[in-house]
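The listed protein sequences derive, respectively, from chains A and B. 554 is the number that our numbering gives to position 367 of the first sequence; each next residue is one higher, with no gaps. 152 is the number that our numbering gives to position 148 of the second sequence; each next residue is one higher, with no gaps.
Just so you know, the hints here were simulated from the structure itself, not pulled from any lab data. One or more of the hints may lead you astray.
[To be verified] Listed next, the stretches of chain A that the computed footprint assigns to chain B, with coverage defined by at least 3 CB atoms under 8 Å from CB atoms of chain B:
no.	region
1	456-464
2	573-585
[Unchecked claim] Okay, derived cross-link-like pairs now, DSS-like style, lysine-lysine, Cα gap no bigger than 30 Å in a straight line:
no.	chain 1	residue 1	chain 2	residue 2
3	B	K239	A	K465
4	B	K95	A	K540
5	A	K351	B	K324
6	A	K351	B	K55
7	A	K465	B	K324
8	B	K55	A	K267
9	B	K239	A	K351
10	B	K324	A	K372
11	B	K59	A	K274
12	B	K113	A	K465
13	B	K113	A	K267
14	B	K55	A	K424
15	B	K239	A	K337
16	A	K465	B	K283
17	B	K261	A	K248
18	B	K261	A	K351
19	A	K465	B	K261
20	A	K248	B	K332
21	B	K261	A	K386
22	A	K465	B	K305
23	A	K248	B	K113
24	A	K351	B	K125
25	B	K324	A	K424
26	A	K480	B	K305
27	B	K59	A	K465
28	A	K267	B	K59
29	A	K465	B	K73
30	B	K305	A	K267
31	B	K95	A	K465
32	A	K424	B	K125
33	B	K244	A	K351
34	A	K274	B	K55
No residue lacks a Cβ here, since even glycine has one placed at the ideal position from N, Cα and C.
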Amino acid sequence: MTDTLASPNSAPQRRQLKADAAAALLKRRYASERLFKVLGLGALLLTASFLVILLTNIVTKSIPAFSEHVVNLDVVIDPKVVDPEGKRDSATLLAADYASLTRAAIMSAIPGIEGRNPRRALTSLLSSGAADDLRERVVADPSIIGTTIKMPLLFSDDVDLYLKGSSSVTSQENGSSDLTASDVKGDITLTGAEGTFAKLVAQLESENAEVSPETGARLLTPLLPSRLIEINGGLVKLASVTPTTATGTTLIPLTSSGVAKAGSWQLDTYAQPESRRKSSDQDIAFIETLRDKGAIERNFNWRFFTSGDSREAELAGIRGALVGTAWTLLVTLIICLPIGVLAAIYLEEFAPKNKLTDIIEVNINNLAAVPSIVFGLLGLSVFLNFFGLPRSAPLVGGLVLALLVLPTIIIASRAAIKAVPPSIREAAIGLGASHQQAVFHHVLPLAMPGIMTGTIIGMAHALGETAPLLMIGMIAFIVDVPDTMTDAATVLPVQIFLWSDLPEAAFQQRTAAAIVVLLGFLFLMNGAAIWLRNKFERRW
Amino acid sequence: MSILKQASTAALVAASVIAFSGAAVARDQIRIVGSSTVYPFTTAVAEQFGKAGGKTPIVESTGTGGGMKIFCEGVGVDKADATNASRRMKKSEYEMCAKNGVTDIVELKVGIDGLTVARLKGAEPIKMSRKQIFQALAEQVPDKDGKLIANPYKMWSEIDASLPAVKIEVLGPPPTSGTRDSFHELFMEKGAEGFDTLKALKDSDAKAFEKVWKSIRKDGAFVEAGENDNVIVQKLEGNKDAFGIFGYSFLEENTAKLEGVQVEGVEPNYDNISSGKYKGARELYVYVKKQHVGVIPGLDKFVAEYVSEKALGEDGYLSKKGLVSLPKEATDKMRDGAIAMAVLKGDELK
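For reference, chain B alone in the conformation it holds in the complex:
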């Protein structure tokens, strides 16, 4: 009986806590949401910011799209202050933000993430073009006459004699992942444009063209290996013929075992990605609500920390975490804009 009494009292206490904590209270901790690709970098900045005396910001990993939704909910102490994105903000998202009163957004282009196709170290480095990658993985490819047929290639060597004579087997992220979106845009779309007939299709029927590069074959040559890039790395270790698709930081961390495929003859390494020579690279962004500067303590200092030389520079701590920084002029320009809190304009977006 007494246990029950205590328990019900406790329930009442809990209920009243709920009732009282409903009121919004002033917040002294920055809240960031968004992409899991940018998460490892933003958390590193957050930790440094915390060590330098601020309160360590909370960084949630919600995915780029989910982050945008939370970010654009509105302005106020109970709303997120910044969001990570592994692609640029879409025009529709900008409009959604504006509709909810989030009008002053500062865009930080923090760096570049190379998307790599890699495999276990072999004797010979492998070179592929994006066209060949498209041929290996698209559901439909043009035949000799340019007519779309179901993908007939079983071996890499059937696509091109310079490629190894092994079964096509590529491990990659599932469609829910931002990395997968980037893979389609950076490799498959550009690869498809390598065919004259498909290029013509793009001009005549953009929708049909999009379907071609957005469809990946489902006959087992492409294996969806899960959101976690480490899983792909582990699976490659047990299969010397398979290729995996993941971010450059995972390749860098596993240089002892893995080797990146040279895309269009360019090896995925820090310098090539930074200079833009390596084609499979995407820019990473952080969006900050300017309207929260001055309301949430330390938000401007956090932005300053993120764009500082100590973080983003060539020897900065973010480069140790695998973030490839933009070329120096681009970083400097971005830094000036960020410090001045220049607001993003909607007509720049797509």
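Isolated chain A, as found in the complex:
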């Protein structure tokens, strides 16, 4: 009856132990699986968050570039400027000085501006593109010569940036007592009751503003926040302040001198000192005056998609690069699709399996990993120097990129052909088809979705390349949109590279916008690849 005594080695206990061990093991296995799942999910989330950060950064930066600011002004199309002899021929119309007309238009929008520098500041608010737009309009319809038309005139990039709010913040305060202006233009004095400017003087004191030794007034230098007074329809930039009087320069002439009632004048403060921003007080005064008149409008920036490159940020567009990309990819596709597919068919279906084909296979795989700049060097020495093809041409770019993409397409096509079950071939051959007929009539159509997917991914790769294009001269400033595949052209990633290197802040936004367009194309192409695969892929 010893069995009834609980010995450590009794069968149920052993079973129990075994079950405990198994349970522990099971627990560990579950734990390990959970850990793997968590790590996997973590890796995915980390990658996703990087992607989200990257995308939000680029997209938010790019948004300003998709709009542009214009000012709607009355433009007098003076026949004396445009067509003095009244011939209305296109050569005269094209060569006329339209910039003088747009200058006159903006000068009449803010009348009374005198002095060379203020006038220059006012006229240079407009982009040189404004005159180009006017020229286009007059040449298209010469009957408007001699009339006055209302048309939107494009602002320069700095004005555009100011209006898009990357500049200073302002605060505004109503005047507490009456204020008298000594004049309407030039340097003027504003006199108020005792203590009119007491608060401002206290502020200036806390900002350590210099004190004039003669008058004891606080001096406003460009290193301090700017203070401007809106009075009698004009704008005065303060230069020195005492508690009762202030002197300054009129940025916008006053409509009348004399007394402005308390509450009818304002003190504006631009927190950012003038020396620390791109737009001067004078520029801002002009822009705000135009804005108060309701003349400024924000439009969608079609120009970005319809014009070629330019050194003026507000005029630069991606059309040249897009067309160049299209030509280049067309050449690439025409060259590498047939060659790649035929090579894959031969290697997979017809080539004898021997040392030679092994070497070829290894080399194709190697070629897929060669740094892309090497293909550029090859293009330079073979296509440019030996064949004498033109520099910067999409034809050469396409050839170079075709070499780059070819291995990818061959590898993808071979995989697709290999995935077609042998029974298809055997059935075709069994019914009397030749090997070639079996391949071209039966295997190839079934492998087509895989080949297409590989091709599209290869083309997307080519779409993003810049390095091989450096050597063959496609990293260049090209204004004209290419008409043929031998015209000089550049491609989208190169345009991004070139813009990113320019100093103007507005070009940084253009760069982001061009990246968004490029990403959009990549997304479309890769999406098409997935769609093709899902739609046509057959499983056996």
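Fit chain B to the known structure of chain A by using the hints.
Chain B only, in chain A's frame:
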């Protein structure tokens, strides 16, 4: 099958296009290669030239050295007409040109590019001498006895008490960049000459001296931030203690945020660079093949546009793009030479 047929036909067409376009054809568009530093200015001139009725020239950004190679390949419609350079042509390059038949070269000294050391705007403007910059960045510096030792300075204040007590951290261009070459020549070489022992070394062993000013420390105080000056500007925005090295046009464009270090007590601004008071400045050049004038339509007009008052003058459109023009007499002299197409002589070069 029909897809395949079409594709192969297309390939044949493409192949024949290659075969036919091999023949050189007359060109009506000016082609310019060269420095990425001069690129923003030459492109602006090219655009104006195009707007005035000519065909807009193509301007490639290949770097000064790469541009010289392409420029000196020879004379003919398939060769470049002009090259941008952020330094003067070297004698060896002139000889290479001459060997390939490019004998008549017109040199345009278009302006000056200030090389600035800058940082985020702080309370106090910072003044540095080139000697101090050398001490901060050279791999080897002389100790008290003049013996070369590995750079011991970790903080700016260790070099000189007037400098801020922050870690030395300078973002600059990589060695492949022309800006980096200029930085060595303008700041490091001159800084090294500030030491008597190194000056003596220059006379006794020029090679060893060159090694001293051409070596930058590799312990993390100098960070190679890439060819793109905008990247350096962006990195400075996130780091108030770091300094960056880049061209004056980038400083001018970012005056709202950045401030240039005063070198030898001179602030980097337009007037100081133009007059030559600011020491960290280099001249920018464009070289034009005279042999192409009359062959490539508009080349002489393009040169005239480049040197015109409207472009190069004090209020010209190039100064708006950040190019600092030479003093007036120098510009006038250069303009006369350019209009007359005076040819560069090899013995003027180094």
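We went through each hint and held it up to the structure:
With 4 residues carrying a beta carbon less than 8 Å from a beta carbon of chain B, the region 456-464 of chain A meets the three-residue requirement, and the given coverage holds. Here the region 573-585 of chain A counts 7 residues with a CB under 8 Å from a CB of chain B, which clears the bar of 3, and the coverage holds. A threshold of 30 Å between alpha carbons decides the hint, and for K239 of chain B with K465 of chain A the separation of about 20 Å falls inside it, so the pair holds. Only pairs whose Cα atoms come within 30 Å are accepted, and K95 of chain B paired with K540 of chain A is rejected, the gap being roughly 58 Å.
With a C-alpha separation of about 21 Å, the suggested pair K351 of chain A and K324 of chain B falls inside the 30 Å cut-off, and the hint holds. The straight-line distance between the Cα atoms of K351 of chain A and K55 of chain B is roughly 28 Å, inside the 30 Å bound, and the hint therefore holds. For the hint linking K465 of chain A to K324 of chain B, the alpha-carbon distance of about 12 Å falls within 30 Å, and the restraint holds. Taking the CA atoms of K55 of chain B and K267 of chain A, the gap is about 22 Å. The hint holds against a cut of 30 Å.
Using a Cα cut-off of 30 Å, the hinted pair K239 of chain B and K351 of chain A holds, with the two alpha carbons roughly 23 Å apart. Between the alpha carbons of K324 of chain B and K372 of chain A the distance comes to roughly 29 Å, so the proposed pair stays at or under 30 Å and holds. Restraint check: the Cα-Cα separation between K59 of chain B and K274 of chain A comes to about 26 Å, which is no more than 30 Å; the hinted pair holds. A threshold of 30 Å between alpha carbons decides the hint, and for K113 of chain B with K465 of chain A the separation of about 29 Å falls inside it, so the pair holds.
At most 30 Å may separate the alpha-carbon atoms for a hinted pair to count; K113 of chain B and K267 of chain A exceed this at roughly 40 Å. The straight-line distance between the Cα atoms of K55 of chain B and K424 of chain A is roughly 38 Å, outside the 30 Å bound, and the hint therefore fails. A hinted pair counts as satisfied when its Cα atoms are at most 30 Å apart, and K239 of chain B with K337 of chain A does not qualify at roughly 45 Å. A C-alpha spacing of about 26 Å is found between K465 of chain A and K283 of chain B, which places the hinted pair at or below 30 Å, so the restraint holds.
Of the pairs offered as hints, the one joining K261 of chain B and K248 of chain A holds, with about 18 Å between alpha carbons and a cut-off of 30 Å not exceeded. Restraint check for K261 of chain B and K351 of chain A: the C-alpha separation of about 18 Å stays at or below 30 Å, so the hint holds. Using a Cα cut-off of 30 Å, the hinted pair K465 of chain A and K261 of chain B holds, with the two alpha carbons roughly 10 Å apart. Taken as a hint, the K248 of chain A and K332 of chain B pair is broken in the structure, with Cα atoms around 41 Å apart against an allowance of 30 Å.
At most 30 Å may separate the alpha-carbon atoms for a hinted pair to count; K261 of chain B and K386 of chain A meet this at roughly 29 Å. A hinted pair counts as satisfied when its Cα atoms are at most 30 Å apart, and K465 of chain A with K305 of chain B does not qualify at roughly 34 Å. A C-alpha spacing of about 37 Å is found between K248 of chain A and K113 of chain B, which places the hinted pair above 30 Å, so the restraint is violated. Simply put, K351 of chain A and K125 of chain B have alpha-carbon atoms about 23 Å apart, close enough for the 30 Å limit, and the pair holds.
With a CA separation close to 25 Å, the supplied pair K324 of chain B and K424 of chain A stays within the 30 Å bound. The suggested pairing of K480 of chain A with K305 of chain B is violated, with an alpha-carbon distance near 43 Å, which exceeds 30 Å. Simply put, K59 of chain B and K465 of chain A have alpha-carbon atoms about 33 Å apart, too far for the 30 Å limit, and the pair is violated. Restraint check for K267 of chain A and K59 of chain B: the C-alpha separation of about 28 Å stays at or below 30 Å, so the hint holds.
With a CA separation close to 39 Å, the supplied pair K465 of chain A and K73 of chain B exceeds the 30 Å bound. Proposed proximity of K305 of chain B and K267 of chain A is supported: the alpha carbons are some 28 Å apart, at most 30 Å. A C-alpha spacing of about 42 Å is found between K95 of chain B and K465 of chain A, which places the hinted pair above 30 Å, so the restraint is violated. Distance restraint check for K424 of chain A and K125 of chain B: the Cα-Cα separation of roughly 25 Å lies within the 30 Å cut-off, and the hinted pair is therefore satisfied.
For a cut-off of 30 Å, the pair hint linking K244 of chain B to K351 of chain A stands: about 26 Å separates their Cα positions. Between K274 of chain A and K55 of chain B the alpha-carbon distance is near 23 Å, which keeps this suggested pair within the 30 Å criterion.
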